[in-house]
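Listed in order, the protein sequences are those of chains A and B.
For the first sequence, the working numbering gives the first residue as 1, with consecutive numbering after it.
For the second sequence, the working numbering gives the first residue as 1, with consecutive numbering after it.
A few of these clues could be false.
Interface residues of chain B toward chain A, partial, derived using beta-carbon atoms under 8 Å [said to hold, decoys possible]: (1) Ile-12; (2) Leu-33; (3) Leu-91.
Pulled a few chain A residues facing chain B out of the computed Cβ check, cut under 8 Å [unchecked claim]: (4) Pro-9; (5) His-29; (6) Arg-38.
Ranges between beta-carbon positions, derived for each pair [stated by the list, open to error]: (7) Gln-147/B / Asp-42/A: 35 to 45 Å; (8) Lys-83/B / Phe-142/A: 41 to 51 Å; (9) Thr-177/B / Gln-76/A: 24 to 34 Å; (10) Asp-136/A / Gln-147/B: 53 to 63 Å; (11) Thr-23/B / Phe-26/A: 16 to 26 Å; (12) Lys-75/A / Lys-83/B: 49 to 59 Å; (13) Gln-147/A / Tyr-85/B: 34 to 44 Å; (14) Glu-178/A / Gly-276/B: 31 to 41 Å.
Hints in this document: simulated from the structure, not taken from any laboratory.
All C-beta atoms in this analysis are idealised placements derived from N, C-alpha and C, irrespective of residue type, glycine included.
There are 2 protein chains.
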Amino acid sequence: MKAYLDCIPCFIRQSLDAAKHATQDFHIHKQVLREVLRLTSDLDLNQNPPKIGQLIHRLVRELTGVKDPYSKVKKQFNTASLKLYPKMRQLIIESDDPLDTAIRLAIAGNIIDFGVNGALQESDIEKAISECLAADFTDEQFNAFRQEINDAKEILYIADNAGEIVFDRLLIEQLPTEIVTAAVRGSPVINDATIEDATNTGLSRIVEVITNGSDAPGTVLESCSEYFRYRFGKADLVIAKGQGNYETLSDVKKNIFFLLKVKCPVIAGSIGCKVGEMILRKTKAFIGEKENARI
Amino acid sequence: MKAYLDCIPCFIRQSLDAAKHATQDFHIHKQVLREVLRLTSDLDLNQNPPKIGQLIHRLVRELTGVKDPYSKVKKQFNTASLKLYPKMRQLIIESDDPLDTAIRLAIAGNIIDFGVNGALQESDIEKAISECLAADFTDEQFNAFRQEINDAKEILYIADNAGEIVFDRLLIEQLPTEIVTAAVRGSPVINDATIEDATNTGLSRIVEVITNGSDAPGTVLESCSEYFRYRFGKADLVIAKGQGNYETLSDVKKNIFFLLKVKCPVIAGSIGCKVGEMILRKTKAFIGEKENARI
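Given the sequences, and given the hints that come with them, work out the whole structure.
As structure tokens, then:
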């Protein structure tokens, strides 16, 4: 999906948040703000939001001289989520429908998104868990998802954020792990998960983890490594977590299921739902072999 | 108070909101956004937020060619508030402490602020009324306020927004109206009340209403008319409603009581309270005759 004008004020706030995470120097915060305002005033808006985010966060890193502004936050939320892991795993195992519970928890973890909420607290996670366990899905495609998992030969699970990746691990544990590969970002951007987070949260011990080779807060395919694109092409089922992956992959002709919590009005408008809702939905951009046969 | 860097993303959003209120033309929205980004990238931040707001909204009016983008919204919220007026007046008259109830309602009306919330619905007003009637004040200075009203020879009540002005009327009716003058903005900016709103909501029938001669969303004294400044100087008690008036008058050495609902983290930080709280507070910038005598 393309960026909306409404994305711009949000990017400005995001860049200031990132600068504050990188340094306490007010003069650098101001410089970042001014340069990002300048950059966005001339920006091509016919790009998807993570492409713009990629440019902005490169600028923030350049101006602050800090390669990973959210390093501390990522560690903090990995640790907080790992603390919840045993309780959540128990909840899944003991539930009537473990896959359903694991999907709900994976979506709950999507609350850990510093691109949307720079003031997120650890206490917000438990609140999100309770809500996601109780809430109804919007246009839920659970049966189709279960069927596709059973039919798949190779699943690519594209993770989103640090901390959240612990919740992804819980869902991945309910999938046929021998055919699952998890993908993380190639290098730091906002609090998006990188290989370090996959290692630190034990995901790498369960499935193969690859990086996408990119520093975009989403899956901008032309910015990803050739190897990632090869693996993306080879997978017959892609599970894409979170808003950034939705924004970059919603128009790609590929068999993708999107799992996310909708956290902004722009995405809500694109999906046709309300802010706060849980989404488990097969992409509309793809017509698979079965669907093709019917036409 | 000076603007904070955090005000800037909010101004960008506000300008886009204003452009959307002015026209449905996407190209004009985009042009407004680009020009406001350019303007703010070079802005002197040592100004109070309404001074910046003044510049930005002048630019929006110039680029859209619409003199009063919030005209419809202002009429809508005047009408909605007038519908609630009889019920609220009854509530005040029948309450144990009419002045306390009227103050709470006046603060509830401060929710009608399109500078902060461009998605405000009429239903939000009744919710704000219930909340303000039940909530505790932060550092409430009710007794001092009552005393000053009794002692005052000339009260200047600086209103904030359209719609809200109906709630101000309820409070003004509890004051000694013969010594009260109400002030509104000199010309349209966001949904701030102008003379038209004072007339349409009946405020002009109760007290003298003057305009401040300015198009700033607050009381930028140097931008106000000479006559307004004269009246401001002459009043021995000023009641200033809302965030914009707080932002512009909090450092002015004058006997001012601020009445507002805190709607943004920057103001909350300046006041030392949480977002959502109700404030009735005497300015800290002023030392009056009595206080002077004690020193």
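Outcome of the hint check:
1. Ile-12: 4 Å, holds
2. Leu-33: 5 Å, holds
3. Leu-91: 33 Å, violated
4. Pro-9: The hint holds - Pro-9/A has a Cβ within 8 Å of chain B, the shortest such distance being about 4 Å.
5. His-29: At about 6 Å, which falls below the 8 Å cut-off, the nearest Cβ of chain B leaves the hint on His-29/A intact, so it holds.
6. Arg-38: Holds, about 5 Å.
7. Gln-147/B / Asp-42/A: 35 to 45 Å: 57 Å, violated
8. Lys-83/B / Phe-142/A: 41 to 51 Å: Holds, since Lys-83/B and Phe-142/A (Cβ atoms, about 45 Å apart) stay within the stated range.
9. Thr-177/B / Gln-76/A: 24 to 34 Å: Violated: the Cβ-Cβ distance is about 57 Å, outside 24 to 34 Å.
10. Asp-136/A / Gln-147/B: 53 to 63 Å: The hint (53 to 63 Å, Cβ to Cβ) holds, given that Asp-136/A and Gln-147/B are roughly 55 Å apart.
11. Thr-23/B / Phe-26/A: 16 to 26 Å: Roughly 37 Å apart at Cβ, these two residues miss the hinted range, so it is violated.
12. Lys-75/A / Lys-83/B: 49 to 59 Å: 54 Å, holds
13. Gln-147/A / Tyr-85/B: 34 to 44 Å: Given a distance of about 59 Å, which is not inside 34 to 44 Å, the answer is violated.
14. Glu-178/A / Gly-276/B: 31 to 41 Å: 51 Å, violated
Figure legend: structure checked against the earlier numbered hints; hints not met, in rising order: 3, 7, 9, 11, 13 and 14.
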